[in-house]
Structures are given as C-alpha cells and as structure tokens.
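Sequences are here, hints too, so could you generate the full structure?
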Amino acid sequence: MSCRAELRGLGAVYEALAERGGQLLAISVDPPGTSKTLIKELALPFPILSDGDRRVVREYGLLHAGAAPDGGDVAIPAHFLVDRDGGIRWRHVARRVQDRPLPGEVLEALAGTP
Amino acid sequence: MSEPLTPLVDPLAAPARRTRLALASLALTLAGPVLYLLLLGDPVLRSTGAPAFLLMAAGIALGLVASRRDPRPRIRAFLAASSGLTALFAFGFFVLAALPRAASAETLEHAPEFTLPDQEGRPVSLGAARSSGPVLLVFFRGHW
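Those protein sequence lines, which keep their order, are chains A and B. Under my numbering, residues 1 to 114 are what the first sequence spells out, in order. Under my numbering, residues 1 to 144 are what the second sequence spells out, in order.
Simulated from the structure, these hints should not be mistaken for laboratory data. Some hints could be false.
To give a feel for the contact side, a few chain B residues facing chain A, derived at Cβ under 10 Å [what the hints assert, rightly or not]: (1) 41; (2) 42; (3) 70; (4) 72; (5) 86; (6) 87; (7) 91; (8) 93; (9) 96; (10) 112; (11) 114; (12) 120; (13) 135; (14) 137; (15) 142; (16) 143.
Quantities reported herein were computed from a predicted structural model and do not represent experimental measurements. We put the CB at the ideal spot given by N, CA and C, even for glycine.
Below you can see the structure in the form of structure tokens.
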C-alpha cells in the first residue's frame with residue numbers, strides 16, 4: 001500500500017493554511033535525503049521533517065513498532081491542527097493504515113481556529 | 001434485444017454466453033481492488049473502500065446469476081473465485097490494516113514542542129512555525 005498517495009491530496013489544505021499565515025509540516029521517520037526526493041517527485045509545496053530517532057513520534061503517542069517494510073518503527077498516520085498557543089484544536093488519528101481525514105473536515109477545523 | 005438469431009439456434013452458443021457472463025463477473029470483482037489502488041490519492045475512497053466493495057459485490061451478484069442459469073462446475077468456480085477474492089480484500093482492508101490504538105495521541109491537549117530537520121537538513125521548530133498562524137502536523141508512515 002502506497003503511503004505517499006495521501007500527500008498529493010493535501011494541496012487545498014496547504015493553500016488554506018498559507019492564506020492564514022499558517023503552515024503544513026509533514027513528519028516521517030525517513031532521512032532528509034529520502035524526503036527531498038519525495039518532495040521533488042510529487043512536487044509538494046510543504047516541507048517534510050525527519051524524525052529519524054522517533055523521539056517526536058513517540059512523544060505524540062504515535063509509535064508503531066516494527067511496522068516498516070524493513071522491520072523498523074514508523075508513525076501511526078495522524079493529523080493535528082495546532083493553534084498559535086500550541087493547543088490542539090482538531091485531530092485525526094488513523095485506526096487503519098488507509099484511514100485519512102476528509103479535506104473538508106480539516107478546512108472546517110481550520111476555519112474555527114483563531 | 002438486438003441479438004443475432006444464430007446463437008440461439010446453435011446449441012453450443014448459450015453455454016458459451018453463460019461462460020462469458022461468469023468471466024465478466026470475475027472481471028468485475030477483480031476491477032474492485034485494481035480501482036482501489038488507482039484511486040488511493042482520494043481520501044474518501046481510500047478510507048471507505050466504497051467503490052471497490054461495490055464492484056466486488058456486483059461481481060459476486062453477477063456470478064450468482066451465472067451459476068443459477070448454468071450448473072456447470074466451471075461457472076461455480078468463477079463464483080468461488082470472486083467470493084474468495086472479496087474475502088481476501090476485506091481481510092486485508094479490515095484486519096491486516098488495523099493499527100494499534102494510539103490512546104495518548106487521541107487525548108493530547110497541547111502539542112509537544114520539537115525541532116526537527118527538514119528535507120534540506122534545516123532545523124524547523126513547531127514554536128516558530130505556530131507563531132505566525134495555525135499549523136497542521138501530518139504524520140505519515142514513509143516514502144514507500
């Protein structure tokens with residue numbers, strides 16, 4: 001199952017955030033070089049941060065041990081909308097590998113975030 | 001129906017047509033997972049699997065029709081293949097794809113602070129990012 005397809009679907013959300021002076025930060029456990037290739041390949045307008053030691057993934061409670069094709073630990077797919085004060089305004093945590101929030105849901109949450 | 005009359009006269013034609021119907025039912029079932037993979041970029045289709053399950057249900061229904069009209073074992077084999085394929089897809093979709101429950105992620109109230117390198121190795125901190133507006137964090141599994 002391709003886990004990159006979802007990234008292409010984030011364009012509208014990215015633009016709505018940019019209009020508000022906000023940002024979209026994607027995070028994976030891939031090294032920066034791999035993310036760089038992915039961004040070029042998919043022409044992504046947002047950065048991908050690299051959590052190589054899984055510290056942030058663990059802090060957010062998203063560690064899925066041994067789930068990578070090579071047996072490494074990866075993140076459970078999740079979205080968090082964070083306001084200026086660091087409060088989490090909305091979230092979507094996947095229950096199955098293919099679960100993703102609807103773009104409309106994200107946009108609605110964004111409209112309600114100061 | 002604008003079917004030519006000759007196949008109705010030919011005793012072999014009707015079974016051949018029913019074989020084609022059974023074949024079509026399996027093709028319809030197969031189209032489900034194929035379409036699912038092609039449309040992975042759409043979050044609704046991806047999360048619900050609706051078009052895939054609809055196509056597979058239609059494939060099984062057509063296979064049932066075919067095997068009712070024709071009791072030959074090969075027609076039933078097509079129906080069995082469609083059913084097996086659907087069961088396999090459903091197993092993957094619901095069971096294999098299940099993730100561990102991320103209880104603490106679901107109750108976090110405040111986003112933990114972090115600084116991580118971006119794709120160029122430049123440090124990016126959540127604190128700096130959210131000072132200018134809302135931030136959407138998207139954790140994903142990786143490049144594969």
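Evaluation of the provided hints:
1. 41: Nearest chain A Cβ about 4 Å off; hint holds.
2. 42: holds (7 Å)
3. 70: violated (37 Å)
4. 72: violated (37 Å)
5. 86: Since the shortest Cβ distance to chain A is 17 Å, the answer is violated.
6. 87: Constraint on residue 87 (chain B) not satisfied, violated at 17 Å.
7. 91: Since chain A brings no Cβ nearer than about 12 Å to residue 91 (chain B), farther than 10 Å, the hint is violated.
8. 93: holds (7 Å)
9. 96: Holds, because the Cβ-Cβ distance from residue 96 (chain B) to chain A comes to roughly 8 Å (cut-off 10 Å).
10. 112: holds (5 Å)
11. 114: holds (5 Å)
12. 120: Status holds, d = 7 Å.
13. 135: holds (5 Å)
14. 137: holds (4 Å)
15. 142: holds (5 Å)
16. 143: holds (5 Å)
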